[in-house]
Structure formats: C-alpha cells, structure tokens
Amino acid sequence: MDTTILFSYAGIVFFQAGMLIAAAPLVRMTIKKIKARLQNRVGPPLLQGYYDAFKLFRKESVISEHTSFIFRIAPWIIFGAAAGVALFVPVLFSFSPLGSAADIILIIYLFALATFFMVLAGLDAGSAFGGMGSSREVMIYSLSEPAMMLAIFAVARAGGSTNLSNIISHGLAEPGSLFLLSNIFAFAAFFIVLLAENKRIPVDNPATHLELTMVHEAMILEYSGRQLALIEWAAALKLTIFLVLLVNIFFPFGLMAEFTFSSAMLAIFLLVVKVSIAVCVIAFIENSIAKLRLFRLPDFLGIAFVLALIALISSFFV
Amino acid sequence: MPTLQATIQAIHKEFPAFSLDEKGKVSTMRISAETLKPIVALLIGKHWRLLTMAGNDERAQAGVFTVSWVFGLAKENKIMRLVLPVDPRKPVFPSIFELVQSALLFELEIRDMFGLTPEGNPDLSMPDEHREKMIRRLVHHHNWPEGEYPLRKDFPWNKRPKEEHVTFPFRYSEGEGVFEIPVGPIHAGVIEPGHFRFTAVGEMILNLEIRLYYSHRGVEKLFEQKSIPDAVALAEHISGDTSFGHSLAFCEALEELSGISISRRAGFLRVIFLELERLYNHVGDIGMLGMDAGFAFGGAQGARLKEVCMQMNERLTGSRILRGINVVGGVTRDISEKDSEMLGAFLDAFASDFQEVTDIMLSSSSFLDRLETTGKLKTQTALDYNVVGPVARASGLRRDARKDFPNAWWKEFQFQISVQATGDVYARFMVRTEEVLQSIKIIKTALLRLPKGERVMATQPIRLTEGACVVSIVEGWRGELVHVVVAGKNNSLYRVKVRDASFLNWPTLSRAILNNIVPDFPLCNKSYNMSYAGNDL
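Protein sequence lines correspond, in order, to chains A and B.
Heads up: the first sequence begins at 1 in my numbering, then just goes up one per residue.
Heads up: the second sequence begins at 1 in my numbering, then just goes up one per residue.
Bound conformation, chain A alone (with noise of 0.2 Å):
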C-alpha cells in the first residue's frame, strides 16, 4: 500500500476517534441543558463536562484500603475499551478506516469488556451500594445485549456482513432497503438498547441523589479524582458512540466515500445535526416519563428483544 494512503488512513483514523473522545463531554452535558431548558432552569454550562473533568483529574484519588488492583486498573481499561471503540467507528465516512476489524459484533465484546470491568470494581471495594449496583448492572446488560445482537443481525443481514463499512456502503447504495420494516424495527430496538446501555431513563437516572435507587452511580461510588473522571469521561464517549453508531448505521446520508473539503464540511454538518436530533429526542424522553420500575425494566428490554427478533425475522422476507 502507498505510505500516503497509509498515513492518510491514519490520519483518519485519530482524527474521528479524537473527535469523538473531545466531544463526548459536550454530547452528554448538552442532554442535561436541554433537560434543564424544558423545565424552565438555565442549567449548567455547556462546557460544564470539560470543568468537572479538568477539576477531578487535578485531585487526589482516595482509594479504599480494602480494593484489589481491578479497583484502580477498571478505570483504564474502561477508558480504553471505549477509546478503541472509538478508532472503529465510522464517524464521517461511510466505511472505517480501519476495515475489516470493525466489526460490529467485536465493538459489542469491547463494550462489554468495559462494562465486566465496571461490575467487578463496583464489587471490589465491597461496600453495599457498589453490590447493588452491580448486580443490577449485569441484570440489565444480559437483557439488553440479545436485543441489540439480534437488531444489528438483523440490518448486517441486508448489507450482507457484520462489518460496519458494509453496513452502512449498502444503506447508503439502497437508500430504499433503510425505510424497510426489518430496519425500522430494529431502529426502534437498537434506541431501546441505547437507553438501557447507557443508563438513561427510564431504566436509570443519571441525575439522581438517591444511593438506593441507583445503577450506574452506585457502581462508581467509591471512586475519586483522575479515576472518576475517566470513568465518566468513559460514560460519556459510550454515549457519544451509541448515538453515532445510532445515525449512521439507520441514517446514513451525507456520509463521505472519499475525502473532499467541500464532502467533510457536509459530513460534518450533518453529522451533529443527526446526533443533535438524537440528543433532543433522549431529553425530552427524559423529561416526560418516570424511571421505571427495577422490576419492569425486563419488559422493557424484552421490548426491545422482541423489536428485534421481528426485524431479523421480516428481514427474510424482503
């Protein structure tokens, strides 16, 4: 291969996952302005995930005396499972640059790295609220992966592979096979799976003060400092995927095949309109329902399953 292309491959390459990784921050807190403007409050700044981060990593981490070393490696490796996400992702393109290592089923096992990670460190510092967490954290996420495995199956069947750059090359070749029943249903599943994935409401609330009610905080109680920041800066990028990979595979428009500055200024432009539709639909979703109760989230995500397992089947008969 020509060195150019290589570098420029690579370029791509940092490029969109260092895009991603910046703007996670921004994704996550502009939910929680929109959700402060719907109910009439200024709410914080928008670069409010940046100072948070910036605060927590110049403090002192306090770690418990009676963690093990998974305690202090999680958080690293639950940055770095997403921040290799990243590096897969089709952001701007339709293919990735990196071929044919993104595939899908691989990001799933990455997320998934992460979120075992997670469960043992919530586990680790053994403190009651960490246990609870934690074992609601795996309930959800053996809900919400079959779904999501059948919804992507199910629009990897039309495109023919698990590979994203085909995936999203055959939607944006037929644009017609988008509007599909088997795609839109898995839509409808893969949005369900994002909200549980990424413990927003109803299945959990992220802005909640209640230590008995939670999932997500309560796993990442006993963290601090630089630690705490990665875990959530993690949280924040697992989000900002979600939702790229969301408009991407199921709206694929705008996205370049090769590079021109006239294509990536579109690409651009489009692309945070897509998510920014997404990031109003989640808020106001999260300002007009209640967090579900923990024993109806398996209706919920059998929602999702179902959603999906109908997607794959009607994608047989197309």
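For the record, the hints were derived by calculation from the structure and aren't laboratory data.
Predicted model only: the values in this text are computed from it and were never measured.
Just to be clear, a hint being listed does not mean it is correct.
Stretches of chain A that chain B covers, calculated by requiring three or more beta carbons in the stretch to come under 8 Å of a beta carbon on chain B [to be verified]:
1. 39-45
2. 99-109
3. 194-206
4. 275-289
5. 292-306
Using N, Cα and C, we set each Cβ at its ideal position, and we do this for glycine too.
Dock chain B against the given chain A, drawing on the hints supplied.
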C-alpha cells in the same frame, strides 16, 4: 349520652377511689400502677386515643417522678390525662403495650430521658449477635453514657457527659442470600440524618430498621430554661418546615394557661397562615415525589410551585417559612385589604396552575406505575400504630385535628377530610393533592370572612399559675401536633412535651416497605416525608 360523660361515669363506678379533676377540656386523674391497665382498657373501649405520653420530674414538689398518659376523644374535643406517680427508689412503671401498641416508643423515650423503666415493654432489650441482652435505647446516641437522664431536674441543661461507646443491638437475619444494606446517617443529598438498615434478599426487603435521633438538640430541656418569648422562637425551631404549626400549638397552650383570649381576627389569620404552611409543604412534597420517581417534569414543576408559595409567604409576612408571626396573644402580622386582594388573586391563579400540573402528572402512566401499590400501609396497621396526618388519611383513617380537636375558629370552617383507602404511595399523593385544593378554599373563605378592625395581638400580660397543665393540639401539615405544657414558678415553663406527627408515623414506614423492593424505598419514604428534627427534638 356523650362519650365523655359515659366514660366518667364508668370510671366512677369501677374506680370510686380516684377523683377526676376537670379543667377546661382536660380531665386529670391521678391513678395507681395496678389500676392503670383497667382504666386504659376502659378508655380504649370508649374510642379514646393515646395522643402522647410524658414523664415529669416532680421530686422537688412531691418527691416522685410522674408518668402521664394523655388520651384524646375525637369530635368531642376532650382530653384525659392519667398521671401515675413513680417512686424514685423503684423507678419502674407498667407498659401498656398489650392495649396500646403505639405506647411502645413513648415508653422507651421516657426511659431514656428520665430513667424510668417500662416494665414489660418488649422492645426494651434484645439479644445481640453474642446472645447478650442489650438495651435498645431510643433517643440516646452511641456516645451517650448509660445512667445519664437529661430531663431529670438535677441534670444541668449545659452538661456534656463523658463520651462512651454503647453498642446498639440491631435486629439481624441470617440465611443464604440474605444481606444487609446500611444507609446513612450521612446521605448523598442534603437531607436530614437517619440510619436505615435494610435486610434484603436480592432486591426484596425483609426488614427495615430505622435509627433516628441524630439531630437531637434537647429541645424539651431547653424550653425549661427559656423566657416565654424565647420559648416561642424555640417552638418555631422544632422543625423548620412546621415553624408555624409548632409555634401555634405552643402559643395556644400558653394562651390557655394564662387565660388570654385572642381576637377573632387573629384566630382567622392563624387559620390562613397554618393553611399557607400546609400549601407550600404539600406542593413541595408532590414535586419531590415526581423527582424521586425520576419524573423530571413533576420534580421541576413542584419545585417551582413551592417557590412561588414561599415567595408569597415572604411578601405577606416577611418570612418564607412563616417564622416570627405567632406570639402568645395573637399574631405579629396583619393582612391588609390590599394584601388580601393580592393573596386571593394569587390563590386563584395558583389553583389552576397546580391543577394543570397534577393533571399532567396523573396522566403519565409511567409515573402512576411507580406510585400504585408501592409502600402499602394497611388500615389495621395504621390503626394499631396510631398513625396521624396525611399518612393516616391515605390508609383510610378519617383523622384530622382540625375536625377532631378544633379550636374556636376551626369550628367555623367547612371542609372535607380527604381520605383514600389503598394506603399506597399513590393514595398519599392523592390525599396531598386534595388537601392543597382544600387549603386554598379555606384560605379564601377566611379572607372573605376576616373580621375587620380588631387588634391582632392581645396586650394582656402573661401570668402562669404554677403547676397548671394544658394540652394543645394543632393539625400541622404532617398531621397532629401535640404540646403538653406544665407551668413553673414566675412565668417559667416546668415541662414542655412536644409530639410531632412524625413520632407516631416513623415506625410504620418499616411496615409499609415490607415486601417492596429496595429501589422503591426512597419513593415510599418521600411519600411519608416525616421530620427527623421534629421527631428527635
């Protein structure tokens, strides 16, 4: 025949040795330890209800401690006080838990504060995990040494006893999959301190043990040191959100003790302010229920509605939480013609605003799903524990001190007691919603009928008769508040016993939460919204 007369006749017939001393609405009877239970059984049979229990140190006057049981007869507005002298050499008194379950905590409180042991109280001690019998103290902290009883007169109010470590035997369970979740007393939010220890299997709650009294300030002891104006201010600080309710109960007690009658206008103003307090707190609670269910709309709107109410309080009285208004003899703030119009217009706008918000909340199925069937308190349990206030009304008990023990002004107001049958969080939500609308109506009626041209503050000097005792009852927003005041020498207060609604309601929270799941506890707790400070004193 009214129940009071029937009761008195029955008591005379069965216990001819005891004489009833009737003064106003309070009848006092000095009894002996053997006759306590038969008399209590007789009172219970005639629908008397235990309002409070108070210990007192009368060693200086009569050489004894006393324990009093204060019973109330609803509707007829009568109080019966049974006083039992307790010999300091044998400081025990019989527990009446077989007859009145809600006496359990009062008896433990008297043990901690006076060192009088309630014989037969099943909650008094418990084997800990080493099978040693340990006393389960109620009020005292781990650091408080055993044998120091702060409400005895020979205990100086500013004494700081040596710090010790007395362990508390919690109830515990063993078994596969059974684990304990200790929460608090320091919480993640800015809320009052309380320790909640859950025993759970998975998410299902088997037992909840509540340890309170982390905000004990010695209020009852402090009352004995204060001049009367300072004591009114102290009453306002019993529980910040019930500032007006508690100071009203205290002022009414002192007015009765000193024979001061307040003007009709002042009485009506007190009705208005009491309902304004109910209004802002209920609205805040409704919002907080939305917040804790993760229903952002309800949370935000509730906070806004509470804020406009509190701003209205400030415009009317200069205090957002209605402090500095009550004095013995009336109120310090009048409502002018202009303010009355402003308040009336505000209430009209507020009522439609509030109704719109609750309509939206109640049309959200996800919100209702969180409330319905959560934290059910059965009517029988509520009755056994003698629960009061919105919690009692949500469990089907038609109890409201404004109707049951009304003062002269409350008799002039017509309103409905809102009662729900189911006893779950939804029922408590609905009771509060209806009470907000009732309060608005009551305030508007009071504004219309406000007598003109009268002084709102009596100028008579306060003179207390030594040894006189009164009981005053006010329906605060959390429920019935009871103050028992015994006057001392030279206008001092010999003993003030305060009973917030929370004291009776707290224990039932551990009953309501049984067989619910751990993450539903905050919602259930919020639907109760009991006071820690008012309970701890």
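Taking the hints in turn, this is what the structure says about them:
Here's how the region 39-45 of chain A fares: 3 of its residues keep a CB closer than 8 Å to some CB of chain B, so the rule of at least three is met and the hint holds. As drawn, the region 99-109 of chain A meets chain B at 0 residues by the rule of a beta-carbon pair under 8 Å; below three, the given contact is violated. Check result for the region 194-206 of chain A against chain B: holds, 3 residues qualifying (beta carbon to beta carbon below 8 Å, three or more required). Interface restraint, the region 275-289 of chain A with chain B: holds (4 residues with C-beta to C-beta distance below 8 Å; minimum three).
Here's how the region 292-306 of chain A fares: 5 of its residues keep a CB closer than 8 Å to some CB of chain B, so the rule of at least three is met and the hint holds.
The earlier numbered hint that this structure contradicts is number 2, and it is the only one.
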